[in-house]
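Number of protein chains: 2
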Amino acid sequence: MLVRAGVVLLTEKGFSATCVDDVLNATGISKGSFYYCFSSKEDFGRALIESYATYFNEKLDRWLTDQAVAPLQRLLNFMREAKTGMQHHAFRRGCLIGNLGQEIDILPDSFNVMLRTILHGWEHRVTDCLLATCYPVPTAAQETLCGRLSRYFWIGWEGAVLRARMEHGPESLDLFATFYLAQAAAELGVPSPLSVNTPTTLRGSHALPVRAKTGQAAG
Amino acid sequence: MLVRAGVVLLTEKGFSATCVDDVLNATGISKGSFYYCFSSKEDFGRALIESYATYFNEKLDRWLTDQAVAPLQRLLNFMREAKTGMQHHAFRRGCLIGNLGQEIDILPDSFNVMLRTILHGWEHRVTDCLLATCYPVPTAAQETLCGRLSRYFWIGWEGAVLRARMEHGPESLDLFATFYLAQAAAELGVPSPLSVNTPTTLRGSHALPVRAKTGQAAG
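As they're listed, the protein sequences go chains A and B. So the first sequence is numbered by UniProt numbering: it starts at 1 and just counts up by one. So the second sequence is numbered by UniProt numbering: it starts at 1 and just counts up by one.
Chain A on its own, in the form it takes in the complex:
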């Protein structure tokens, strides 16, 4: 319960603006119990980051290794679920890792390595998904390209999540998905999952239909 309340506060407010009392107030747990579990706010923060990373890695693995659908469609499915999750919380919750990234220079040093490791894990997963478009074995050039496209994905996705929070709406997520997938498809020489039925996708408005499944946070 402490970890859950902590993740909510951190995805909404960030680390610096959240104090232990906020967490205690949100859960009704006593200060004594808190410090029985965690030696400090920093220790608590590390537990939250670990919990979020585990949850999020499972989510990514579920979508990005789904052999039943084409690789770029897997990425789109992930984005659609993340959008549903943000909508569920009225676009008030962002990405814990992105939020902490914004505070990076005032966070405890121990967070820094954790955040980078988590981001590398996310990039690795998207790279592997993109490499699945390269038959039968990716060339060295394709490996480089997929690694760069993966980094570009996370750069833009975090920007889109930030904007969705600022606007309290999904339009930035849709716009990002449309442009990004068009470019990735062109670079990889595969069809874009968004252009199959809409050949003029890039130039028209294009809302992503959302799936029913609800996620906790946006990446």
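Since the hints were made in silico from the structure, they are not lab data. Among the clues, some could well be false.
Unchecked claim - Computed, partial: chain B to chain A, Cβ under 8 Å: (1) Leu9; (2) Glu12; (3) Gly98; (4) Gln102; (5) Asp105; (6) Gly169; (7) Ser172; (8) Phe176.
Positions of the beta carbon are idealized from the N, C-alpha and C atoms, including for glycine.
Fit chain B to the given chain A structure using the hints.
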């Protein structure tokens, strides 16, 4: 001096984590003098946002309306200068507007309208720059495309600035510039400023040479 110190603190730490005492300590100004100038921390925050917006709009206008260079090159020049500015501060300072966006739901309501207005102004400037590629008069489709490309630019650029702060390095800015400009050039049917001498730009590593001019912040 107060505004300058405040902008530094806000681009490094954000609003919530900055208290009035931090500003007073950084400047040596007394609490009495501070409250003679500003009625509250919120009032001070609004002055900082206005000051940053004025400074940044002038910077954008300087680069994006430079008739001596092609429109996409203007955008690249802006990114190069912003990168130099971030390097100058060891990638510890981000974009004031992006930082505040991350805190949006815990900020005073009065900030919200200001931030949206500023972002719309930035988008408008990039849209106009992109429209300059459309001769002699842009079609309705081109107007829509340039507006969408402009929003996509700011979504990705804020994400790239966030990542550059997390990594304390410029690689995300270079990666973003390379992919974004390639896509914008393809969509607009003009040459990319990065592909003139490097036909395989997208697939190779591509560091942006920086210009000597130093900027204060990254957008």
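Hints and how they fare:
1. Leu9: violated, 10 Å
2. Glu12: holds, 6 Å
3. Gly98: Glycine 98/B check passes; min Cβ-Cβ to chain A is 7 Å, inside 8 Å.
4. Gln102: holds, 4 Å
5. Asp105: Holds. Min distance 5 Å.
6. Gly169: violated, 11 Å
7. Ser172: Holds, because the Cβ-Cβ distance from serine 172/B to chain A comes to roughly 5 Å (cut-off 8 Å).
8. Phe176: Holds. Min distance 6 Å.
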